[in-house]
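Enquirer: In case you want the letters, here they are:
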Amino acid sequence: MLHIVNKSPLTSTTLDSCLNTAIGGDILLIEDAVYAATCGNAAEAKLKAAMGKFKIHVLMPDLEARGLGNNMSAGVIPVDYAGFVDLTANNKSCQSWL
Amino acid sequence: MSTVKKFMFVNRKAPYGTIYALESLEVVLITAAFDQDVSLVFMDDGVYQLKKGQQTKGIETKNFSPAYRALEDYDIEKLYVDEESIAARGLTEADLLVNVTVLNRAEMGALMEEQDVVLSF
Amino acid sequence: MKFGIVVNEGPYQHQASDSAYLFAKAAIAKGHEVWRVFFYHDGVNNASKLTEPPQDDRHIVNRWTKLAEEHKVDLVVCVAAALRRGIQEENLAAGFRISGLGQLVEAGTQCDRLVTFGD
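Protein chains in written order, with my numbering: chain A, 1 to 98; chain B, 99 to 219; chain C, 220 to 338.
Treat each hint with caution, since some may be false.
Distance ranges between label pairs, derived from CB positions [claimed, not checked]:
#1 C:Glu252 / A:Asp80: 37 to 43 Å
#2 A:Cys39 / C:Ala299: 32 to 38 Å
#3 B:Gly188 / C:Gly321: 51 to 57 Å
#4 A:Arg66 / C:Gly250: 41 to 47 Å
#5 B:Asp173 / C:Pro273: 33 to 39 Å
#6 C:Lys268 / A:Gly52: 29 to 35 Å
In silico DSS-like cross-links for lysine-lysine, where the CA-CA straight-line distance does not exceed 25 Å [stated by the list, open to error]:
#7 A:Lys92 / B:Lys103
#8 B:Lys103 / C:Lys221
#9 C:Lys291 / C:Lys268
#10 A:Lys92 / C:Lys244
#11 B:Lys149 / B:Lys160
To be clear, the hints were calculated from the coordinates, so they are not data collected in a lab. Positions of the beta carbon are idealized from the N, C-alpha and C atoms, including for glycine.
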């Protein structure tokens with residue numbers, strides 16, 4: 001299953017809820033959630049800890065728009081919109097954690 | 099509509115502060131009317147939707163909480179509440195308007211995997 | 220593959236409509252079908268033909284209209300949400316139609332994937 005998160009980890013507990021509930025699969029960070037996947041962000045450690053359980057992807061156009069295109073955490077998989085579509089198609093279902 | 103799919107509605111927002119809780123109920127009822135397999139999940143602030151004793155007169159807004167009690171009339175009986183979320187809000191099952199199944203996070207995650215369509219509110 | 224998309228937020232306020240549009244465009248570019256986009260909550264404001272952004276900004280409404288025209292995407296605006304917010308036939312942009320929530324359920328049953336963009 002693909003889990004899509006769009007909230008900054010510092011203003012919302014959405015990423016925590018997703019990481020604590022989802023049993024595995026792919027997580028895609030879009031919009032303000034991309035901040036979670038940047039070096040030095042307070043959420044970086046929990047994201048890294050979750051990498052054994054999930055494949056964590058980040059939508060690069062959103063990261064680049066926010067001036068952090070070169071600050072992506074190691075181990076996070078960058079995708080463009082085509083990659084976003086592939087993730088959706090390759091998983092049986094998807095959930096947007098709004 | 100002949101296709102029957104498993105629809106899950108994930109409610110993670112408190113009522114009244116935004117419109118999503120009310121709109122979720124609308125879609126749930128329509129989905130049941132289309133004879134789909136419907137499950138409702140309440141987690142995070144979404145559990146506040148089920149709090150007993152809502153009085154909305156003072157905010158001049160319709161109290162839609164009685165509608166949760168009417169869900170069973172539409173054969174919507176799969177209501178799941180996240181254990182951690184009610185505990186974190188100082189609530190227990192006794193504070194909720196309707197009978198629900200309380201699940202831990204792992205059980206909730208497994209249930210999400212079984213769905214065909216997951217709509218979040 | 221057949222995709223359905225749900226847009227829950229209005230244009231220019233939240234990134235949801237932009238993300239949804241870029242996703243739809245990418246899906247079509249990869250040979251998928253975007254069968255329906257359902258606009259719900261404040262998302263119905265994406266359908267106002269009275270929308271006039273500044274010259275140097277993207278025209279979110281026209282972009283949806285063009286996508287509908289070029290790729291036969293069914294743009295459906297939730298009737299109850301629309302009437303609440305003053306979106307009616309008179310000010311509905313080309314390519315959009317107003318209909319009920321059943322259209323959202325149908326997108327769920329008919330599409331291989333349903334992807335939601337919101338807040």
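Enquirer: Hint by hint, note whether the structure agrees.
Expert: Here is what the structure says about each hint:
no.	hint	in the structure
1	C:Glu252 / A:Asp80: 37 to 43 Å	violated (20 Å)
2	A:Cys39 / C:Ala299: 32 to 38 Å	violated (45 Å)
3	B:Gly188 / C:Gly321: 51 to 57 Å	violated (39 Å)
4	A:Arg66 / C:Gly250: 41 to 47 Å	violated (30 Å)
5	B:Asp173 / C:Pro273: 33 to 39 Å	violated (51 Å)
6	C:Lys268 / A:Gly52: 29 to 35 Å	violated (50 Å)
7	A:Lys92 / B:Lys103	holds (13 Å)
8	B:Lys103 / C:Lys221	holds (16 Å)
9	C:Lys291 / C:Lys268	holds (19 Å)
10	A:Lys92 / C:Lys244	holds (21 Å)
11	B:Lys149 / B:Lys160	holds (15 Å)
In this structure, the earlier hints numbered 1, 2, 3, 4, 5 and 6 are contradicted, and the remaining ones agree with it.
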